[in-house]
Every structure is written in structure tokens, then in C-alpha cells.
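Chain order of the listed sequences is G and D.
Position 34 (the first sequence) corresponds to 34 in this note's numbering; numbering is contiguous.
Position 273 (the second sequence) corresponds to 1273 in this note's numbering; numbering is contiguous.
Please note that the accuracy of each hint is not assured.
Said to hold, decoys possible - Negatives, chain D to chain G, calculated, CB over 12 Å:
id : residue
1  : Pro1018
2  : Asn1163
3  : Asp1222
4  : Val1226
5  : Ile1252
6  : Glu1268
7  : Gly1342
Unchecked claim - List time: in silico BS3-like cross-link candidates among lysine-lysine, alpha-carbon distance up to 30 Å:
id : chain 1 : residue 1 : chain 2 : residue 2
8  : D       : Lys1287   : D       : Lys1321
9  : D       : Lys1227   : D       : Lys1213
10 : D       : Lys1058   : G       : Lys33
11 : D       : Lys1150   : G       : Lys83
12 : D       : Lys1276   : D       : Lys1363
13 : D       : Lys1317   : D       : Lys1276
14 : D       : Lys1143   : G       : Lys83
15 : G       : Lys83     : D       : Lys1138
16 : G       : Lys33     : G       : Lys83
Honestly, the hints are just simulated from the structure, not real lab data.
Backbone N, C-alpha and C fix where the C-beta goes; we use that ideal spot for every residue, glycine too.
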Amino acid sequence: MEIDDEAIDAIRELINIGVGRAAGLLNDMTSRKIALRVPSVRVIRYSDLSHFTEFIPAEELSTITLGFQGPLSGLSALVFPPKSAASLVMLLTGETEQTAELDAIRVETLKEVGNIIINAVMGSIANVLDHHLTFTLPSYQEISLSGLARSQNNHSEEWIVLANTHFNIEQTDIEGNILLVLEVGSMDSLLTGIHRMNR
Amino acid sequence: MSEPECLYKNWALFDPLPVGVVVLDREYRVHFWNRCIAEWTAIPPAAIMGTDFFERFKNLDRHRYRARIDQVFSGGPAAFFSSQFHPHFIPSRLGNGALRVQTTSVVPVQDGDRFLAMIVIEDVTDLVGQVRAYREMKTIAEKELEERTKTQEALHIANAKLNMVSDITRHDILTQITVISGYLYLLDEILPDDPVLKHYVHKIQNASKIIEKFLVMTREYDQFGVKAPVWQDVTSEVHKAAGMILTGSIRIEINTGALEVFADPMFEKVIYNLIKNAYFHGKKVTKIHVDFIEQDTHGVLTIEDDGAGVPPEQKQKIFEKGFGINIGLGLFLSREILTLTGITIQETGMPGSGARFELMIPKAMYRLPKVSAV
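Here chain G stands alone, though its shape is the one from the complex (with noise of 0.2 Å):
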């Protein structure tokens, strides 16, 4: 199966959707201006994935995800460098420590904000599907981006789906992913969701 450009630009879409609700929430709950965009979309098959390293750094990374089950099925996560995650939830709560570090309480903050992007996102894509999908609870992990691609069932079939997100926070932007790993077949379920939803 190829996944052809009109395909990555709608997913793109359902993606930007998504954050784009998770940002209004965001500034809503924080009182701060918050903007998030997602420029670029890239689709890799399981298979392929060592071809893009430079796009998947090898490093541990702050990661909360969300699994799904139904005709779509897999995981997807919101993943940032650990530095970036604590100053990330930093800016959200404007706390002004000298040196951020995630401690127990930044990882049940950035473990919300994971949940409140990925839900708008997962609710985005579910729109597009026939379907109710059911879901597994929300939870944070250190590990690097090909390792979580790993997690799942190392189908060289699956898709992975990783989707540059840039938040800006009164005027200091972070970098990370989203990620969506989707199980053999959930891909086929996806497009047709969006075909569906185009005609």
C-alpha cells in the first residue's frame, strides 16, 4: 500500500484539528497564550524506520502515551526531550526555577498536558471512523522514540505516523512529536475513514 501526498496532507489535518482544540483547552486551563501548529507529517513503514534516524533521535524520551483498540488499533504518544518536557510544564505553570528537572509532580503535569493533546488528536481521528474505538489509560515513560515504535507488535507492515509538533508559550517555542504507531490494517481503516469523509 502506498499512502500518496493527498493522504499525509489529510492526516496532517485531523492532526492539526486535533491540536488546535488542545490548545484552546490549554489556554483555557493555563491563562496563557498558547499556540501549537504541526508543520511537517511524515508516514514510515515499521520496515523502514532506520532510514529516518534523523528524524527519531536516539536519546530517552519524556513520553506519556495512550494505546487504542477497535479498526484502528496501536498507540499513539506525545514525546519530548526530557529538558524540554520540564520546561515545557514550566512555562505552563510559570514556575521560575533556576534549573528545570522533571520531578514527580512536572511528570503528572506534562502526563496531562500528554493527555489533553492526544485526546483531542485520538478524538479527531475517531470522527473519521465508523467505529468506537476503546482506550487504555494514559502513562509516562522514559524511552527513546524507535523503542516505543519497538513496543508495539514489530509488524513490518505497521505505519508509523510522526507528526513535528512546535508549542510557543508566550513567545518561547518547544519542539516535539507526535507519534502514532498503527497496528497492520489500522492504516487501510484510517484512509478509508478519510476518503469517506472527503466525498
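Assemble the complex: chain G is given as a structure, and chain D must be docked to it using the hints.
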């Protein structure tokens, strides 16, 4: 059985849990209110079952909560509310009157063809208190470290300037002493053969020689305490000093293994002084023995000779400033150099059988690296 009572029975499984559990239906009516949340809020289940949740907790009746809880009613993913953004989701007080700090999850629960929202609230007051205390301690430590670094930098600069000034001063004084010595020599030559005058000239010559020795000594020790302590290999320091001082008639035995001592870089001067003292003051020394033993709280490095030894009344005085035949700073400064890293020194030899200097080294200030076999 009334409808609320019937609903309560279905959820009673969650009553014994140590977390607050509340179940809402799509109309935000309370379906279940467990024992824990009832205790926390002092609201009994009978008083809240079937009532409008947002009517009761107006702090939650906002878009930011409704939007996320509505997604749960549609069977969407769980919503998580952190303690930092929502510390008092359902406000409740602790025994000391303070508000309980909470983290909250809202989870979809399928009930036939509809979804209910189960709110699970954890009390994280203690955890948050501990993390905040840790943060405060960390902030204080960081500030202290910053202050200390600034002070160290300032001290380093001041030390460098002082050294420069003392270098220049020492150089100028030595020049003037050379001039004085020259004129004294000339004066000695041209003075009439008067023993009284000659005696005074020699006294002045001796005094200027002592001043010169002091100045040379200050040049040798001007790096004392300036540089950070370093690990130093005892065997190589002893060999270096022995090579500079000893003649072939004195045998040196070293039994310290791979011992390294963490000391001021001038530690080499201490070893040099101890070996020089044995050579110059031991009179009949034929052997110098260097040994090391470990004890409970410290290690003991000994430098022992078989010379004349130190008379009992001088065992303390030899470490005092000004004691001795020369300018009397060698052992005094040696003790000061060792003190910088907590090392003490004492003389414990038997008078007549030889001098024995014991260096008591704290555990953290020595190490015995394993020497790999070739």
C-alpha cells in the same frame, strides 16, 4: 428499593478503596459516591446520590472540565487532571484544616449502550509536600553553590594578585639585600682592625643572610594552599626527594605499595623536609624506612630513621615556627600543608634510636589502587 439505592448497590465494590470514587451519568447526575469521598467531604452518599454534580461543585462547571468529561461520555479516552493544575478537584479538608491535594482521572465505564464517567481521586498531599520540600532544598543548595563558586573565583583572583605583589616585593627586597651585602663586604674590607666594629659588621651580615633565607623560603612556599589538592604517589615522591638529598651511604626502604595521598600539591615538600631532616639532623643515619599501615579510622604513613632521634622535650617544639638551627619553618610549614586535607603529623621515635614521623591520614584522603600484574 429506590433508584439511587439500587444504583449504589451495583457500585459498592468500590467502597473499601482508599481513593475517592464518584460515578456520573450523561446528565451529570451522581450515580455512586464511595465511602472514601464521603469521609473526605463529609457528604454522605444519601445526600448527593441522584443530584447534579456540577450544581454541587460549581468550581468544575466550566468548559475546561465539561469538554474533557463529555469526551469520556462518548466512550473517548480517559481524562487525567494533575495536582498542579487542579489540586482540589472535589475540595476536601484534612484533619489540620488544610485542603487535600488531589490527582484525578475520569474513566469511561460502559453500561449497556451508554457510557458513565467514573471519577477516581487520589490523595497526593504527602507526595506533593515531599517534592516541594525537595525543591526548596535544591534551590537553597544551588544558591549556596553559586555563592561559593563566586567566592572561590574572587579568592582565586585575589590570591593571584597577592602572589604577584609578593613576587615583586620579594624580588625588590632581594635586590636591596644584595646591595647591602656588597657594601657590608666593602665596609668589612676598609674598616680599621677594630674587633668591636668587625663584630657589628658580621652581625649585620648574618642578619641579612637570614632575611635572604626567609625570602627564598617564601618563594618556595608561595604556592601553598593556592592549588586544589591532588592524589600523589608516595613511593615516587620519596624517591624524588631521596634522589635530591641522600648520598649512597644511606639506604632507603619503601614499603607503601601503590599508596596515594590526597594532599596539597606541596606534599612533595613535606616528604623532602622529612628526608632532609633525617639526613642533616640524624647525625649517624644509615637507613630511612618508609611504611604504611591501615587502621580503623585512618592510615598511618611513617618515615623513620636510625639516627640520633628527637629529645622528648623537643617532640612538640620541632613543629613550632622558628624552632631549629636554620630559620625554623620547615616542619612548621609541613604540618600546615598536611592540615589542608586533614592529615596530622607527630614525632614518636625513641631518642637515641632514631626519629619516627607519623602522618595520620583520614580514610577518605588515601587510596591503594590495585596494581595490575605485567
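So, going through the hints one by one against the coordinates:
Its beta-carbon lying about 18 Å from the closest one in chain G, Pro1018 of chain D satisfies the requirement of being farther than 12 Å from that chain. Interface exclusion of Asn1163 of chain D from chain G stands, the closest Cβ pair being 34 Å apart, more than 12 Å. Distance check on Asp1222 of chain D: its Cβ is at least 38 Å (rounded) from any Cβ of chain G, clearing the 12 Å threshold; non-interface status holds. Against chain G, the non-interface label of Val1226 of chain D holds: every CB pair exceeds 12 Å, the least being about 31 Å.
The beta carbon of Ile1252 of chain D is kept farther than 12 Å from every beta carbon of chain G, the shortest such distance being approximately 53 Å. The claim that Glu1268 of chain D lies off the interface holds: its Cβ sits roughly 40 Å from the closest Cβ of chain G, which is beyond the 12 Å cut-off. Every CB of chain G is more than 12 Å from the CB of Gly1342 of chain D (nearest about 32 Å), matching its label as outside the interface. Taking the CA atoms of Lys1287 of chain D and Lys1321 of chain D, the gap is near 28 Å; set against the 30 Å cutoff, the hint holds.
About 24 Å separates the Cα atoms of Lys1227 of chain D and Lys1213 of chain D, which keeps this hinted pair within 30 Å; it holds. For the suggested pair Lys1058 of chain D and Lys33 of chain G, the alpha carbons sit about 25 Å apart, so the restraint of at most 30 Å is met. This hinted pair checks out: Lys1150 of chain D and Lys83 of chain G have alpha carbons roughly 26 Å apart, not beyond 30 Å. Between the alpha carbons of Lys1276 of chain D and Lys1363 of chain D the distance comes to roughly 28 Å, so the proposed pair stays at or under 30 Å and holds.
With a CA separation close to 18 Å, the supplied pair Lys1317 of chain D and Lys1276 of chain D stays within the 30 Å bound. Restraint check for Lys1143 of chain D and Lys83 of chain G: satisfied, since their Cα atoms lie roughly 21 Å apart, inside the 30 Å limit. Our distance criterion of 30 Å between C-alpha atoms is met by Lys83 of chain G and Lys1138 of chain D, whose separation comes to about 17 Å. A distance of roughly 21 Å separates the Cα atoms of Lys33 of chain G and Lys83 of chain G; the hinted pair therefore holds under the 30 Å criterion.
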